[in-house]
Every structure is written in C-alpha cells, then in structure tokens.
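Novice: Sequence:
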Amino acid sequence: MLDVIQLMWQTARKNLFYRGGTILLLAITLLVLNGCKQNRTESEENTIQWQPITYHQVTPFDSSDSTKGEIEQDYSLLFPQDNPKLQGEICRVLLGGLENNLDPRTVLDSLASSNRQHDVQKGAQDESLSYHERLHSFLAYTDAQVVSLAVVYTFTIRGNEEHPTLCYYNFYLPEGKAFSESSLFIDGYEAPLTKLLTQAVETQANGEIVNYDEIRPNGNFMVNATGITYCFPEHAVVVDHKGELNVSLSWQELRPLLKEKSPIQHFLS
Numbered sequence: 012m013l014d015v016i017q018l019m020w021q022t023a024r025k026n027l028f029y030r031g032g033t034i035l036l037l038a039i040t041l042l043v044l045n046g047c048k049q050n051r052t053e054s055e056e057n058t059i060q061w062q063p064i065t066y067h068q069v070t071p072f073d074s075s076d077s078t079k080g081e082i083e084q085d086y087s088l089l090f091p092q093d094n095p096k097l098q099g100e101i102c103r104v105l106l107g108g109l110e111n112n113l114d115p116r117t118v119l120d121s122l123a124s125s126n127r128q129h130d131v132q133k134g135a136q137d138e139s140l141s142y143h144e145r146l147h148s149f150l151a152y153t154d155a156q157v158v159s160l161a162v163v164y165t166f167t168i169r170g171n172e173e174h175p176t177l178c179y180y181n182f183y184l185p186e187g188k189a190f191s192e193s194s195l196f197i198d199g200y201e202a203p204l205t206k207l208l209t210q211a212v213e214t215q216a217n218g219e220i221v222n223y224d225e226i227r228p229n230g231n232f233m234v235n236a237t238g239i240t241y242c243f244p245e246h247a248v249v250v251d252h253k254g255e256l257n258v259s260l261s262w263q264e265l266r267p268l269l270k271e272k273s274p275i276q277h278f279l280s
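Numbering-wise, our numbering puts 53 at position 42 of the sequence shown, and it's gapless, one number per residue.
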C-alpha cells in the first residue's frame with residue numbers, strides 16, 4: 012500500500028484527494044488517530060487568529076434500482092483571520108489547482124459541490140446508501156515562524172466507518188508560503204533520511220513485520236520545536252500496526268541534512 016497520502020494528492024490534484032475507487036476528497040475527523048501524537052502548541056508570539064469555516068448538507072439520491080440513499084457532508088477547515096495571503100496559500104495547497112484569490116467559503120462550497128456530484132454518481136453505480144463524509148482541520152503546531160496544519164478525513168458508508176486519514180501541511184508565516192522537505196534538507200537528503208526513518212521504524216515495530224519498500228520521506232510530516240514527525244498510512248509500513256504510524260526524528264539527528272537557511276532554522280539556534 013504505497014503512500015496513500017502521496018497517491019491521493021498527486022493523482023487527483025485538480026479534484027483534491029482521491030480515495031481509491033470510492034471518493035474524491037481531503038481528509039477529516041475530530042479524532043486524534045490511534046498511535047498519532049499531536050503536539051498542539053501555540054507560541055505567545057503568534058498573534059494569528061484562526062477561524063473554522065464550516066459546511067453541512069444532506070443530499071438525497073436514487074440508485075439505479077430506485078433505492079433511495081443520501082449523502083451527508085460535514086466540513087470544518089481552519090483559516091487565518093485578517094491574513095488574505097496565508098488564506099489564499101492554504102486554499103491553493105489544500106485544494107490544488109484553484110486560484111488563490113478565492114475566499115475560503117467559496118472554495119469550501121466548490122469542494123463540497125464537486126465531491127457531492129461524484130458521490131451521487133458513485134452511489135447510483137454501486138447502489139450504496141448513506142454516505143457520510145467528515146472533513147476537519149486543526150493546528151498540530153504553531154509558533155511565530157511556522158504552522159503545521161493537520162487535515163483529517165473520515166468516510167462512512169452503510170454505517171461502516173473507515174479509519175481516518177491524516178495529512179499535514181506546513182507553512183512559513185513570514186512569507187505566507189507552504190514549505191516541503193526540499194525547503195528543509197540539502198540535496199541528496201533522501202537516502203540518509205530514509206536510513207534514519209528505517210532505524211526509527213524498526214525500533215517502534217518491536218519485532219513486527221516491516222515493509223521496507225514503503226519507508227521513505229513521503230511529504231506527510233509536521234514540525235515542532237523538538238523535530239520532525241512523519242505519518243505513514245495504517246498497515247503500510249508496519250503490517251500489523253493499528254492506525255497511522257508516526258515516526259519522529261529530532262533536529263539533532265537531522266542537523267547534518269538540514270540547510271543553513273530554512274523555515275525551521277529558529278529551532279536550531
């Protein structure tokens with residue numbers, strides 16, 4: 012199960028997230044995933060105020076044999092108040108392909124409409140009833156320089172709830188821009204970083220079966236004052252592990268791989 016996060020993001024960027032043959036979407040839930048530790052911290056120096064933009068709608072549909080069903084959508088995404096540049100960047104990154112001059116409400120309505128049309132068609136084909144999509148974001152970490160925004164997606168069909176899927180997005184506040192691994196690490200970082208991740212996974216696996224082919228920097232990470240945490244999909248890396256697997260590396264371990272200037276250099280001083 013290759014890197015669910017990368018697959019969802021890269022394969023269906025213009026339509027947001029792709030959930031294997033069932034639905035296009037982002038990721039949500041109010042749960043903190045099993046095995047996922049979230050260090051939610053806010054620095055007193057960070058004066059940005061965050062506000063949830065919410066959306067709720069129930070849409071009935073008829074399947075191919077006239078069996079009736081419904082789609083319920085509950086979305087709640089955090090956006091910064093009085094910071095249109097950062098708002099636009101979050102819209103662009105989370106909802107890839109959309110213009111960043113759209114306001115969050117317009118973006119959320121557009122997302123819901125797109126997903127709803129897809130689900131109605133899917134429901135009619137599969138004769139499936141009672142879809143329930145929940146999309147939620149929260150601040151995993153924030154200070155005066157960086158924000159790690161977590162987006163969690165949960166999908167329920169016929170009363171059976173899938174395990175939540177978690178994705179992180181990181182932003183450098185002074186520039187109002189998203190940043191990725193390439194902003195943090197020197198050229199050629201992939202191999203040594205994979206080695207560090209592999210060692211950490213082996214320690215956490217505690218003798219369980221490890222899928223080494225899936226251990227690598229996957230772009231799904233959060234940062235905080237102590238280091239970087241990668242999140243891997245359930246069963247992808249450690250076969251019998253329940254829930255997403257979080258693997259943390261300290262800045263001290265990573266220092267030889269880090270650029271001199273990057274969005275996280277304030278953690279190193």
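It should be emphasised that the hints constitute simulated quantities derived from the structure, not laboratory data. Since the structure is predicted, the reported quantities are computational estimates derived from the model, not experimental observations. Treat the hints with caution; some may be incorrect.
FRET-style restraints, in silico, Cβ to Cβ [unchecked claim]: (1) Q92 x E264: 21 to 29 Å; (2) D224 x S125: 17 to 25 Å; (3) A236 x T117: 29 to 37 Å; (4) Q215 x A236: 40 to 48 Å; (5) T237 x I197: 41 to 49 Å; (6) D114 x E264: 35 to 43 Å; (7) D120 x A236: 15 to 23 Å; (8) I197 x K79: 52 to 60 Å; (9) Y66 x G218: 38 to 46 Å; (10) S191 x N94: 31 to 39 Å; (11) A236 x R116: 28 to 36 Å; (12) K206 x V250: 18 to 26 Å.
We put the beta carbon where it would ideally sit given N, CA and C, even for glycine.
Novice: With reference to the structure, classify each hint as holding or not holding.
Specialist: Quick rundown of the hints versus the structure:
no.: 1; hint: Q92 x E264: 21 to 29 Å; result: 37 Å, violated
no.: 2; hint: D224 x S125: 17 to 25 Å; result: 33 Å, violated
no.: 3; hint: A236 x T117: 29 to 37 Å; result: 35 Å, holds
no.: 4; hint: Q215 x A236: 40 to 48 Å; result: 21 Å, violated
no.: 5; hint: T237 x I197: 41 to 49 Å; result: 21 Å, violated
no.: 6; hint: D114 x E264: 35 to 43 Å; result: 41 Å, holds
no.: 7; hint: D120 x A236: 15 to 23 Å; result: 37 Å, violated
no.: 8; hint: I197 x K79: 52 to 60 Å; result: 57 Å, holds
no.: 9; hint: Y66 x G218: 38 to 46 Å; result: 45 Å, holds
no.: 10; hint: S191 x N94: 31 to 39 Å; result: 21 Å, violated
no.: 11; hint: A236 x R116: 28 to 36 Å; result: 33 Å, holds
no.: 12; hint: K206 x V250: 18 to 26 Å; result: 21 Å, holds
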